[in-house]
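Going down the list, the protein sequences come from chains V and P. Just so we're aligned, residue 0 is where the first sequence starts under numbering that gives the first Met the number 0, counting upward by one. Just so we're aligned, residue 0 is where the second sequence starts under numbering that gives the first Met the number 0, counting upward by one.
In case anyone wonders, no lab produced these hints; they're calculated from the structure. What you are looking at is a predicted structure, and each value in this text was computed from that prediction instead of being measured. A hint or two may mislead.
[As the list claims (entries may be wrong)] Each computed DSS-like pair below joins lysine-lysine, with the alpha-carbon atoms no more than 25 Å apart:
1. P:K103 / P:K135
2. V:K56 / P:K103
3. P:K331 / V:K56
4. V:K56 / P:K315
5. P:K387 / V:K205
6. P:K183 / P:K206
[To be verified] From the structure, some residues in chain P lie toward chain V, with a derived Cβ separation under 10 Å:
7. P52
8. I122
9. V225
10. V244
11. L245
12. I260
13. A261
14. A297
15. M328
16. G329
17. T332
18. Q386
Glycine included, C-beta positions come from ideal geometry on N, C-alpha and C.
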Amino acid sequence: MTKLQTGYIIFAVLTALVLLLTGSIAVTIGFVFLFGTPLFFMKPLPAYSTYLNYFNKYIFLLVCTFIFVFLITPILIIMPLSFNAEPYFTFTEGMLSFDPAAYSFRWYQDIFFNGMIDPAATGAAWWSDMWNNAQWVRSTRNSFFIAICSTLLATGLGTLAALGLSRAEMPYRAAITSLLISPMIVPLVITATGMFFFYSDVGLAKTYLGVILAHTTLGIPFVIITVTATLSGFDRSLIRAAENLGADGWTTFRKVIMPLILPGMISGALFAFITSFDEVVAVLFIADVEQRTIPRQMFSGIREQISPTILAVATVMVILSIILLGVLELLRRRTERLRGLTPA
Amino acid sequence: MQDSSTTTPETLVTADGVPLKQKLIQSTRRARLRALLLTLPLVIFIIVSFMIPIGQMLLRSVHNDTASSVLPNFAVAIQDWDEQGLPPEETIKLFVLDMQDARKKREIGRTVGNLATRINYEIPGSRSLFTSSSRKLARVTEGPYTEALLDINKKWDDPVLWSSLKRATNDLTPYFYLAALDMKYDDEGNITEADELYQIYVSNFWKTLRLSATITFICLLLAFPVSYLLSTLPLKTSNLLMILVLLPFWTSLLVRTTAWIAILQTEGIINDILVFIGLVGEDGRVQMIYNQTGTIIAMVHILLPFMILPLFSVMKTIPPSYMRAASSMGAKTFTAFRRVYFPLTLPGIAAGTLLVFILAIGYYITPALVGGEDGLLISNLIAYHIQKSLNWSLGAALGTLLLAIVLILYWLYNKIVGIEKLSFG
């Protein structure tokens, strides 16, 4: 045991060093290639810097690189693994020697085939079989349906409430805000347990509506936070200007408020969407087999029959989150641009 | 002009003749009401879909009517018994009749089996007494019922059994909180520590707190340098590096947990590298997952962005000239950091630490998947009682205790950081 642990420690230190060195060099070179400019830390430090300053700076950067590697490696590593030709969760020798035979799309096919009655069928029969019976396709449909419904509900109700909360006259603001944010803070198991009992009593358990309501509740804090943040930079005199020009409340909202807070609303909606799309505890407690979502399917996949199909699904989901992240970044830029136009 | 303003000095009136002050009060009230009305739909929604379910669950932890619904008549009669010797014949007769009734009706949730389970919580091993006696009681048609019952099983002679029946038929019971705190009623009805074998909950709470604290601390340790780097870089570079933080944040929890399984398991990537390098033999693969280590690594990875984002947003507001000023006045780098920079980051540290701790303490999915036996947290025990052992009241009591801890932390967060400061990306 002690021998094993010493070996483990030595290994951990060595890997850390290797990762630090290779990682930081890779990042540096990558930057030069990608952007044509050397990374900031190649710029000279001020003239009064000592060698110790340089040394500290490099150590610090190495540590940071290591942490970035820790953050991103798990997400990137599943991508090549999902093309494994063997049913293993690790790199085979063939994969390491870049043997094309060691890579395959079989787990991506399995996303469609798993649960189908007759994967060999052709034409319309295959499509309807896939659409109705393939487990992952079913859960994808469920996930999108539940996420879209709960996002719409959460965004609508949340924006309305955020409009109220951001008014200067709002009474009991602190109390109401903490109430509306609390679904994010209360442990999911407790929320899900409470909902399980309550929804069973009122007949909402094991229905789509039950899951949608649960996910709406969980998504609301995110909408509130993002929309109030957008509204906090909102210039209220614009509303008075609109009213001054004869617009009624609804027109003011539609023509003045809405376009300005739209980026905040959309990013709140994206948060609500991803919350629902990623949520599994409430689904575990409230939903039945019929309402299985992708995370629920992954959860039982990890527990019961662990196969690289999960990695293939995971890769697709990572790509989805990259797209979401991109949209969010565009929205952030748009908000900043709009902010720039309005007088601060 | 001067004239008119001096003639009416105090009663300023609006166009319709109402004093201005009154009109102002009216219009503020209307504005307040309008703001409140906007939030009203959501408040009602949250109360119905969130507060009521949780309140109901809290109630379940002190209210359990299993025993009294199986033995409705006995439940009323036994409350008058003074716990000396056996209950009177009349009460025992009601007990026998109620038992026969329950056996005949077999209503879901109101069977002798349910009663036996309920009493079994208080007196472990008493289950079979109820189920076997129930079968034989079906043949008892006339009194004296006490003797008939004792004929069936000598164990009914025990006053401890009857006093636990008396406690169990009382719908409001602190029993489940006692159980959640590893305590029980002893034979005299006093509250004592539970048998050592059954003392699992308090230690699990401590383990949850300890693990959450460890995870929070590691997160802080890792987040601090990264946030510092991000906050000092030019905007363009930091936005780019921010992707490395935000991508994990936006990636599904299950995807990240799966990835860690692929990396850490005994047939996983790290162990393969270890074997390849020759540090460990094929049979000496290190167990890094399905234990506490796995839980800690995976949860640090999942919660790290929640620490980086608040720290980053605070550090961004600290002017770099402060550190330069400190060193120009002769402070060494470390002193300048300790006396100037670090105190300024405290709000960010408080926000991140509390947020990560709150999230860690209630975590369920990751420990359930990578925790094995030893990395399970209190949430997993709650889920076990709700879904597997079906001891709902005990699950609810554990949940209430967890909720209490979280709410105290939430209150602290509100007090120190302010909930409106929370933001993402």
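Now for the hints, and whether the structure bears them out:
For a cut-off of 25 Å, the pair hint linking K103 of chain P to K135 of chain P stands: about 13 Å separates their Cα positions. Between K56 of chain V and K103 of chain P the alpha-carbon distance is near 80 Å, which puts this suggested pair outside the 25 Å criterion. For the hint pairing K331 of chain P with K56 of chain V, the CA-to-CA distance comes to about 15 Å; that is within 25 Å, so the pair holds. Between K56 of chain V and K315 of chain P the CA atoms are separated by roughly 19 Å; this keeps the pair inside 25 Å, and the hint holds.
With a CA separation close to 18 Å, the supplied pair K387 of chain P and K205 of chain V stays within the 25 Å bound. Restraint check: the Cα-Cα separation between K183 of chain P and K206 of chain P comes to about 22 Å, which is no more than 25 Å; the hinted pair holds. A distance limit of 10 Å between C-beta atoms decides the matter here; for P52 of chain P the minimum to chain V is near 3 Å, and the interface restraint holds. The interface hint given for I122 of chain P is broken, as the beta carbon of that residue sits about 27 Å from the closest beta carbon of chain V, more than 10 Å.
Taking 10 Å as the C-beta cut-off, the interface hint given for V225 of chain P holds, the closest approach to chain V being about 5 Å. A hinted interface residue such as V244 of chain P counts as satisfied when its beta carbon comes closer than 10 Å to some beta carbon of chain V; here the least separation is about 6 Å, so the hint holds. This hint holds: L245 of chain P has a C-beta 6 Å from the nearest C-beta of chain V, less than the 10 Å allowed. Checking I260 of chain P against chain V: minimum C-beta separation of about 7 Å stays under 10 Å; hint holds.
Proximity of A261 of chain P to chain V holds as hinted, the smallest CB-CB distance being about 4 Å (cut-off 10 Å). The interface hint given for A297 of chain P holds, since its Cβ lies 9 Å from the closest Cβ of chain V, which is under the 10 Å cut-off. About 15 Å separates the beta-carbon of M328 of chain P from the nearest beta-carbon of chain V, more than 10 Å, and the hint is not met. At a threshold of 10 Å, the smallest CB-CB gap from G329 of chain P to chain V is about 13 Å, leaving the interface hint violated.
Hint status for T332 of chain P relative to chain V: holds, with the closest Cβ pair at about 7 Å, below 10 Å. Against a cut-off of 10 Å between C-beta atoms, the interface hint on Q386 of chain P holds, since the closest Cβ of chain V lies about 8 Å away.
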